[in-house]
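Using the sequences provided together with the hints, build the complete structure.
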Amino acid sequence: MLIAILRRVGLSLIIICLVAVLVFLATEVLPGDALDVFLTSDDLMTMEAEDIEALRHEYGLDKPAVERFWQWFSGVVVGDFGVTFIDKTPVSDVIWDPLLNSLLLATVITLIAIPVALAIGILTGYYRGRKADSMVSSLAIIGYSIPDFVIGTLLIMFFAVWIPIFPALILVFADASVLELLKVSLMPAVTVIIGHVAHLSRLLRVGFIEAMNCEFVERARLSGIPEKRIVFRHALPASVIPSLNSMALFIGNLLSGLIVIEKVFGYPGLGLQLLEAVDKREVHVVQAVTFLGAVLVIGMNLLADLAIIILDPRVRSHKHE
Amino acid sequence: MSNKSVLDVLTHSPGTSIGVFLVAIHLLSALFGFLFVPYGPTELAGVSLLAPGSPGFSLGTDVIGRDYLTRLVLGGRTSIFVAMLGVMIAVVSGGLIGVSAAYIGGFYDDVIMRLVDIKLSIPGILFVALCVVGFGRSIPVLTIVIAINYMPGALRIIRSQAMTQVPLDYVKSARLRGDSKLSVIVRELCPNVLEVVVVEFAIRTSSAILAVSALSFLGLGISPPTPDWGLMVYEGIQQIYFAPWLVLFPAFLISTLVIGLNFATDGLANALGLDAARGLD
Amino acid sequence: MPLAWMPLEALTEEIMDLLNVKNLSVGYYDRFKQIVPAVNDVSFQLQQGETLGIVGESGCGKSTLARALMGYCRPGSLIMDGEVRINNLNILQMNSLELLKLRGERIAMVPQNPLSSLTYHIKVGPQVDEILRIHQGMDSRSARNHTLELFSGTNLTDPELIYDRYPHEISGGQRQRVVIAGALACQPAIMILDEPTTALDTTTEMQVLQLVKELRKKRNMALVYITHDLTLTDYICEDVLVMLNGSVVEKGSVKRIFKVPQTDYAKMLISSIPRVDSENGSSSFRLLVPDREPLLSVKNLKFRYGRHGSLFATFKPKKEPFVVNNVSFDLERSETVGLVGESGSGKSTIANIICGLLSATSGDINFDRQSINKAGEKRSLDLRRRIQIIFQDPLSSLNPRHRIETILSRPLKIFFGLKGRVARDRMVELLESMELVPDHLSRFPRQLSGGQQQRIAIACAFAAKPDLILCDEVTSALDVSVQAKVLELLKAIQTKTGVACVFISHDLGVVKQVANRVIVLQKGVVAEAGFTKDVFAKPKDEYTQLLLAAASRQNDAPIPIHNLGDIQI
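Protein chains in written order, with my numbering: chain U, 1 to 321; chain V, 1001 to 1281; chain X, 2001 to 2569.
Worth flagging that the hints you see were computed from the coordinates, not collected in a lab. Backbone N, C-alpha and C fix where the C-beta goes; we use that ideal spot for every residue, glycine too. There may be inaccurate statements among the hints.
To be verified - List time: in silico SDA-like cross-link candidates among lysine to any residue, alpha-carbon distance up to 25 Å:
1. X:LYS2033 x V:LEU1272
2. X:LYS2251 x X:TYR2265
3. X:LYS2485 x X:ASP2264
4. X:LYS2022 x X:GLN2262
5. V:LYS1172 x X:SER2442
6. U:LYS228 x X:ASP2139
7. X:LYS2491 x X:LEU2295
8. U:LYS280 x V:SER1138
9. X:LYS2123 x U:VAL217
10. X:LYS2378 x V:SER1180
Stated by the list, open to error - Where chain U lies over chain V, by a calculated footprint (3+ residues, C-beta under 8 Å):
11. 1125-1133
12. 1255-1264
What the hints assert, rightly or not - Chain X is faced by these chain U residues, among others (derived, beta-carbon under 8 Å):
13. PHE216
14. GLU218
15. ARG221
16. LEU222
17. HIS234
18. PRO237
19. ASP312
Structure representation (structure tokens):
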């Protein structure tokens, strides 16, 4: 088991390194370098060639790409993502508070979404084919078909414009206290949950139906084991274990899903920071956010796989082979 | 399965029929809508912010006086085009690479699957943001980004379907006859992953339409003044107190399009005996 | 309301039947929500201590019937009509609580596939405990002790060890014993076994059957034994029901049905069984003609799987054991050699090496005086044509997306460059030799029956006009009656064309029918080789004796207990 875990962790580390290469390639090597990206065509027209060269030298961009990558990546490993072009603040300072805020929102959403999705998935899976099931399934399709920004905007319209119980725009600073943030995170959280619980619960429903169709469920039934026990002791673990990966994917992608929500509500999170950086063409901030987003996905996948290694005896004893 | 008629699939269930109906209307309006609209999409034809029902402007005008009906009718075609073309490239190239990886296996397969892992660990919107910063914001870039974004996931699903076929005896027979790798992949394997490819195309198109409109909403996708529903919702939010219809109409249209697509896909997948309700990566 | 069961002693004096099934019909819903009957108007009685076999080919409704006997239907099916009475109580009218009490306590089931029938994430011991705790209200300690007793009662060696294993960690035979122990837990009066040995090897199957027989005698249970194999009922049952398309076509004592079958179907079933103790051997196949040079000669063949290094594999390469170890044999022209052995004996690997799907680790294979050690890709077109292989599963060997015409035309085009009219004539000729009609050319494989599919696969192999045919378990996926037909056609075309054949099968009866010589393989090593007649009449090797005894289902078969499957580690 230990070998399997180490192997899996090692693979994740390799993938993180390769993602770093890809992120660097897409922003600094293929389009030229960071300065080429940062400067607009207007800048290029008004600036002298020597000035640009001087800037290039100042930022160390005249070195070869491999060396620049190494410099960047060795900083990343210790949490140093470079500085911004405009006011030269460290990128880590710029993204730290928004990152925490986004993680807070993501945690709130996860804590509500996963149990709710699980409950809906099991109930509809158990009563599959009934009217209620097909109704919930249709609602789920509608739920995940409506874009997040539409759900968010509609919520604002109902609860801020027509019945003004919430503010239409969140006016909280990035370094606000947790309590303040929790208060304003309700509407964003509800928005994500409406759209994404629908999808997650459909996945869990399918997994549960598969588990209930297994022969061991039939054997348990024919041995006179009560239905409740069959569901919770036999079928549920068998359906949750393979679904762990979907759940991990859900959490891992939350961060990027939040970008839209943060934009709709003006929630001071990483997504808003990213959009601002894209606007200002702050390459290093975009690099950092993308890299962190990927690390989160890789990390969640790793956790799910490790959980499966620990929970599924068939995978666990893979070492025997 | 293969002898089921198209009509059977389309009328699989009431949900499917509604879905197909919605998709058909949207496609027709995206294709031929420009023939019927009263003004040009960017023409300043009236005064700012006319309410629906104003003379000459049945759905009013937007904040700078463009005809809202015109912009609504034309607001879907760009994102539909970008999404469909991008996903088409993704599914076809991903399919060919996936099937060949499944058949050839070994080192080739390993390298491809690691590349897939890398791409799949970068969340879609972040990947687009990265590319927009690196390569600028334009329709070709957006299409290619959509293609690259959806390719690895499609590749993985199609590869795993092909993997169920590779150990089968008909593939062994073809090898023993001396068929070339290309011939086995194209003649023997590809026809057997066709259903999965079709469903992948359908699922991913609806997801891509959502993605493109979300990107436009964020200012990373289609740029103004091209009419686009995602963009129009964003522009409408500023006027949400005075002119809520500016948000409601495009929101309604984009939602019905994706709802229709997903219902149709669900029916299609059911009819083909596949499962549409799984995670998109 | 607690159910008042008759005390056991009273039962024997009562005239009522233990199990009485009256006009039972079960149907399932098809695609158009119409009810299609799967079991049709079945009636029978069963008394304490009796054994009843239910026999039929796949899809005849026997498993559906078995489940209905416990008042259970799979989702999508329903009991349409009839009664199932146990001690005169109609279980089809019971509420769900009463049914829970009944199942596992009065009537228990041993399902077909022990691996998928045990919950994979729970250890096997606790899965039996669970039944005891629920039905008998035992605490966990006494349940555990009782389970251990049950395990030793089913001849599981080292019950303590097995108790803490997960289902995938024990062998197939052990799993089936665990499932049987679970079924026995509450001492049911009736035990239903649904093809309990299909997933097992011949020798393991025999051990499990012996166990079932002993347990039945010891506990005086009534037994319902569901199988597709008529000979099994001969071994284990007194009476038998023969089912066809959901209806009972014949019932009576096993002995009587074997001696004087009354319906055509029963007669056909019995005559189709390839028996190891039958009189006629393979004399109908071409007798051995002394030839100057063998067509195929295999010398000291060894094979083991190499570990293909994955890109990120952190394991050190470990040497795999030999799957085929030092196997040598010759094959004359027009001769048929049978390769016999259980799964894992390496018989299919040998076929794969000869046809070029795998490369031998060491050893020499000569075909018509040329060495064919090379893997398939490097062989010449002519060589590829001359050696053809037919696989076990016909559906898998035909591309589901191609019409039969496309499938058959490939070898004709590649090996002979035939096209158009000429090719079509040849295809029709091939189909006719397999007693198929030209109509079949436009069909897809799925639109044909299993037997027809396999006949297409045979036609496809013979389309190449080969000199050597490798038949890898070609009839194992087929029903008995279909198997007989396919074998007959295969024999006919082989006699006509004079092709040599390596016939691989786990079924000794089939091999006896077709092969002049037979090679018995055990774990990759030749256990015994010789003329079929001699080997079957006087087996010298212990393992061959074991296989033969198992195949003929002799009551006094010498099955050593120590031969139980080892715990897989």
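Are any of the numbered hints broken by this structure? If so, which, sorted upward?
When the structure is compared with the hints, none of them turns out to be violated.
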